[in-house]
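Produce the entire structure from the sequences given, and follow the hints as far as they go.
Chains as they are written, first to last, in numbering that gives the first Met the number 0: chain A, 0 to 310; chain B, 0 to 310.
Be careful, since some hints might not be right.
[What the hints assert, rightly or not] With a straight-line cut-off of 16 Å between C-alpha atoms, the simulated EDC-like cross-links for lysine to aspartate or glutamate are:
1. B/Lys186 - A/Asp180
2. B/Lys44 - A/Glu125
3. A/Lys186 - B/Asp180
4. A/Lys186 - B/Asp184
5. A/Lys44 - B/Glu129
6. A/Lys23 - B/Glu125
7. B/Lys55 - B/Glu91
8. B/Lys44 - A/Glu129
9. A/Lys44 - B/Glu125
10. B/Lys186 - A/Asp184
11. B/Lys23 - B/Glu52
[Stated by the list, open to error] Cβ-to-Cβ under 8 Å is the rule here; a few derived chain B residues that face chain A:
12. Leu145
13. Leu167
14. Ile183
[Stated by the list, open to error] Partner residues are not named here, just some residues of chain B that face chain A (Cβ under 8 Å, in silico):
15. Tyr74
16. Glu76
17. Leu131
Hints are computed from structural coordinates only; laboratory data are not their basis. Fair warning: this is a prediction, and the values are worked out from it, not measured in the lab. Quick reminder that beta carbons are idealized off the backbone N, C-alpha and C, glycines included.
Protein chains: 2
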Amino acid sequence: MSMDRLIEKIVKTQNPTVAGLDPKLEYVPEYIKEKAFAKHGNTLKGAAKALLEFNKGMIDELCDIVPAVKPQCAYYEMYGYQGVKTLYKTMEYARKKGMIVITDGKRNDIGTTMEAYAIGHLGRTEVNGELLTAFPGDCLTVNGYLGSDGIKPLLTVCKEEDKGIFALVKTSNPSSGELQDRLIDGKPVYEIMGEMCEEWGKDVMGKYGYSAVGAVVGATYPEQLKELREKMPHTFFLVPGYGAQGGGAKDVSYAFDKNGLGAIVNSSRGIICAYKKEGCDEKDYAKAARREAIRMRNDIVGAIAKIQLGK
Amino acid sequence: MSMDRLIEKIVKTQNPTVAGLDPKLEYVPEYIKEKAFAKHGNTLKGAAKALLEFNKGMIDELCDIVPAVKPQCAYYEMYGYQGVKTLYKTMEYARKKGMIVITDGKRNDIGTTMEAYAIGHLGRTEVNGELLTAFPGDCLTVNGYLGSDGIKPLLTVCKEEDKGIFALVKTSNPSSGELQDRLIDGKPVYEIMGEMCEEWGKDVMGKYGYSAVGAVVGATYPEQLKELREKMPHTFFLVPGYGAQGGGAKDVSYAFDKNGLGAIVNSSRGIICAYKKEGCDEKDYAKAARREAIRMRNDIVGAIAKIQLGK
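What follows is the structure in structure tokens.
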């Protein structure tokens, strides 16, 4: 199962974090944009080419110290199919550099349609007898509102292709409670969703005790994170909300198990905009991203160690 | 608001149905595939070109009698960025032929990320001062599990650009009840989601009494459809599940108001695979789709008339 590969990569790099590649054009240094617009004009293609160069530079500086990248589909779709080509090329490049790729698409649908998403994002597409890769992700974020019909097609592909998913359980945004915190038979909706993840995962267990069905649980709700960590012992967590959204290292430390595993923490803007915060030369944007990734790793690993020591 | 444009188009064509463009490669006639593969090889590009020709032929035959098309993103993403280019070209072609385009993406995220989806699918993307269209949809299906933070960025774009959304409320699949039917303070989750749609819609009301926030409610649950029609008087319904999934004309008729408006019923496989069911020459695939679209329209309009007459 792919969660095993992710865990092995985390252990190898001693870094339970993922770099969110959410490259808004305004984050891209001027020298990269100028070159792309000079060649392709002020077009979606020009924007997409600029984003790809930005991402590649970042991946070069992060690939030996960060186990995974998480491109967010929205920021690529915003630049049309040209942007989606950059998504593909970014994923391909990150994998070539040995990184695990978590596609943040929060896809959801039913039956044959979900099967199409599963094949497109985690499997292989048959074209006249050839098996081709539409998007080379290792894991995909998904939304379980539609129930098992929307998840089962993914599990088949996860098994066949050694891939994984992360289902939304408790999201990091301020209004996540509008539905997710409401009680069903005394249990919040997020807990019900968490129970479903544990159930879906039973048939796709990996060798380190975590299944191929992970969960998205936000760092901005540390109490729920703690509670869910206990109630979902076989579910690996993808934790957004660290940094820009307000989650600190202590908050995210609750996502980890007693072995210091069980979760991967995302930072997007914190890493990709580090050069703006530092105020360094924009040509050093990727080196600034690396410095921030190291700071984040040390921050989180330190907090996990404190928890493990019972402090 | 875009729901007004959709309603006007439905009235003009006297047809409250939408053709779901979910073109699996196996649905595409051999002569189209052969031509595409001969030119582009057994590649994602070849597949994408075949899908585009298939779609265009269908749109030519449907555009004067069917008000809208609903391309399902999954079936395009399955063919990579090349497939996503076909999605764009299909949308562009359908709009040029005067059809309303409902992008079935069930997108969901928070804050700036949802803003990126809103801009990409319903708005315009700024590239170095130019405003460009990433995907030219009129409406987008979305998933509200994340709460208001995931919907509000869409409403801003809907207002500015005269667009609409359809949020998942009660989906048509067998396991939709696993979460959606569970009770919160005595009310099922789908009803809570429905209440949110009514609330979100308040600020984007159109001139025919329906807001820019529509809802997806499946034909396979006629009782809930009836109940939600009463409880959500300002919310336009997109109704999947007619035909292949088991919903009949009487079932879907509950989605309509006393004026015979308030909903649009989708059929995907029923229409695009009509030539296979008919057993006609595959070169007549688009004409068979037209015949099925007319049959479906008459079936549904007849059932609505019965309801209006109190039968």
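A quick look at each hint next to the structure:
no., hint, in the structure
1, B/Lys186 - A/Asp180, "holds, 15 Å"
2, B/Lys44 - A/Glu125, "holds, 12 Å"
3, A/Lys186 - B/Asp180, "holds, 15 Å"
4, A/Lys186 - B/Asp184, "holds, 12 Å"
5, A/Lys44 - B/Glu129, "holds, 13 Å"
6, A/Lys23 - B/Glu125, "holds, 11 Å"
7, B/Lys55 - B/Glu91, "holds, 10 Å"
8, B/Lys44 - A/Glu129, "holds, 13 Å"
9, A/Lys44 - B/Glu125, "holds, 12 Å"
10, B/Lys186 - A/Asp184, "holds, 12 Å"
11, B/Lys23 - B/Glu52, "holds, 13 Å"
12, Leu145, "holds, 5 Å"
13, Leu167, "holds, 6 Å"
14, Ile183, "holds, 4 Å"
15, Tyr74, "holds, 5 Å"
16, Glu76, "holds, 4 Å"
17, Leu131, "holds, 6 Å"
Consistency with the previously given hints is maintained throughout, with no hint failing.
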